[in-house]
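J.: Sequence:
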Amino acid sequence: MLDVIGRSQRGRICELKRGDSVLRTPYIIQSDGCACGPVRIETEGGSRILNFFGTDIPLESGLLTSMYSGISADLVCAGGCCVLRLPVTGEEVIPDDAEAVVVPNGFELKDDSRKAVDQIMKLRAVAGHNRVLCVLGLAEPSTMAIYAYMGVDVFDDTLVRALGMNSVRSLPEGRVASSGNTTVENIRNLAEECGKIATFTSAERLRELVDQRATAMPQSVALLRIFDREGFAYQEEACSTVGCRFCCNTTQSLKRPEVLRYRERISQTYERPPHKRVLLLLPCSAKKPYHTSKTHKAFASAIHTAQHDTLVHEVIVTSPLGIVPRELDVLFPANSYDLPVTGEWKCVERNFIRTMLAQLIAQGYEKIVCHL
Numbered sequence: 465m466l467d468v469i470g471r472s473q474r475g476r477i478c479e480l481k482r483g484d485s486v487l488r489t490p491y492i493i494q495s496d497g498c499a500c501g502p503v504r505i506e507t508e509g510g511s512r513i514l515n516f517f518g519t520d521i522p523l524e525s526g527l528l529t530s531m532y533s534g535i536s537a538d539l540v541c542a543g544g545c546c547v548l549r550l551p552v553t554g555e556e557v558i559p560d561d562a563e564a565v566v567v568p569n570g571f572e573l574k575d576d577s578r579k580a581v582d583q584i585m586k587l588r589a590v591a592g593h594n595r596v597l598c599v600l601g602l603a604e605p606s607t608m609a610i611y612a613y614m615g616v617d618v619f620d621d622t623l624v625r626a627l628g629m630n631s632v633r634s635l636p637e638g639r640v641a642s643s644g645n646t647t648v649e650n651i652r653n654l655a656e657e658c659g660k661i662a663t664f665t666s667a668e669r670l671r672e673l674v675d676q677r678a679t680a681m682p683q684s685v686a687l688l689r690i691f692d693r694e695g696f697a698y699q700e701e702a703c704s705t706v707g708c709r710f711c712c713n714t715t716q717s718l719k720r721p722e723v724l725r726y727r728e729r730i731s732q733t734y735e736r737p738p739h740k741r742v743l744l745l746l747p748c749s750a751k752k753p754y755h756t757s758k759t760h761k762a763f764a765s766a767i768h769t770a771q772h773d774t775l776v777h778e779v780i781v782t783s784p785l786g787i788v789p790r791e792l793d794v795l796f797p798a799n800s801y802d803l804p805v806t807g808e809w810k811c812v813e814r815n816f817i818r819t820m821l822a823q824l825i826a827q828g829y830e831k832i833v834c835h836l
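First residue of the sequence shown: 465, per the numbering used here; consecutive thereafter.
Note that these hints are calculated values from the structure, not bench results.
Keep in mind that the hints are not guaranteed to be accurate.
[Stated by the list, open to error] For each label pair, taking beta carbons as the anchor points, the in silico distance ranges come out as: (1) S536 <-> G510: 20 to 26 Å; (2) R709 <-> S533: 44 to 50 Å; (3) G501 <-> K758: 52 to 58 Å; (4) E694 <-> C500: 44 to 50 Å; (5) G554 <-> G510: 27 to 33 Å; (6) P804 <-> D467: 35 to 41 Å; (7) L539 <-> R725: 32 to 38 Å; (8) N594 <-> R736: 26 to 32 Å; (9) V794 <-> G526: 54 to 60 Å.
Here a beta-carbon is modelled for each residue, glycine too, at the ideal position from N, C-alpha and C.
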């Protein structure tokens, strides 16, 4: 039985229970033959055997397809677990009694960000929400957060073991050449990162950890950019309409699904109140909602002690949201975001703010007052 304990967009904390055994995600499968844990990988005669809650399932059997082969392999299912090799089409049918989908050749996605986005979204669609998705050969401390954010629940330690045997330290900040075998350190770093992912997921702030980790390697930067662009609908489907306070500290965070969704809906559907005739443009404030800040209280005092105050439409100009009409400043995400204030505006910020302002002004105000 699968219980979802916490969620941060597509990232989630789940518990899969079988009797007294519990698999809690995010989870790292050990591949050293250790007998601990409800799920583990053992090597037998050169082949890998997945032990899933006591049931042995061969990870290499039948037609060993490659992601680039264009040939789909048959499902291998046993004990409530299905092994599905890449490539996937998104049309595969998983038996109703399956509780987990395991991909044994996930390593092939490591250096192809576009394929990784495509295949992981298709895998999540095939697995559905009520099954654990496990992709093997993919995780290291610098990338595990983004794959969890994309919807992968279970990982393994084979990649960091391979890096360790080649004297490469795998850190959350990236890879560093070292001397000697660094396998033990790499496994420890992966376990620590797994704990951080669980913490940020519980706090509904996994995207912030992803933004930090994505700059560690070029492949991760590309992965997040492509995922934000091509996977927006996939992300937005699981994105909360209410949430906790979050930070937009990087340029890529301007494309967070809740932020992008807000800007799109303001641009496409927002109409000014018909009785508002004077547009007053105001700066944002560090305190949220804006109207609770000292500055905005002063604005309100000046506006609402004057005649005809109901004709004034207050609109806050800000990044990453563009514009926030006063009547929306108590709603998510306008009441929850935070970002560094330096007085510097990037080109992308200037462009979407100008576009959104132009669309609003085109709705026809008699006067415009700019207090920025």
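J.: Which hint numbers doesn't this structure obey?
T.: 4 and 8
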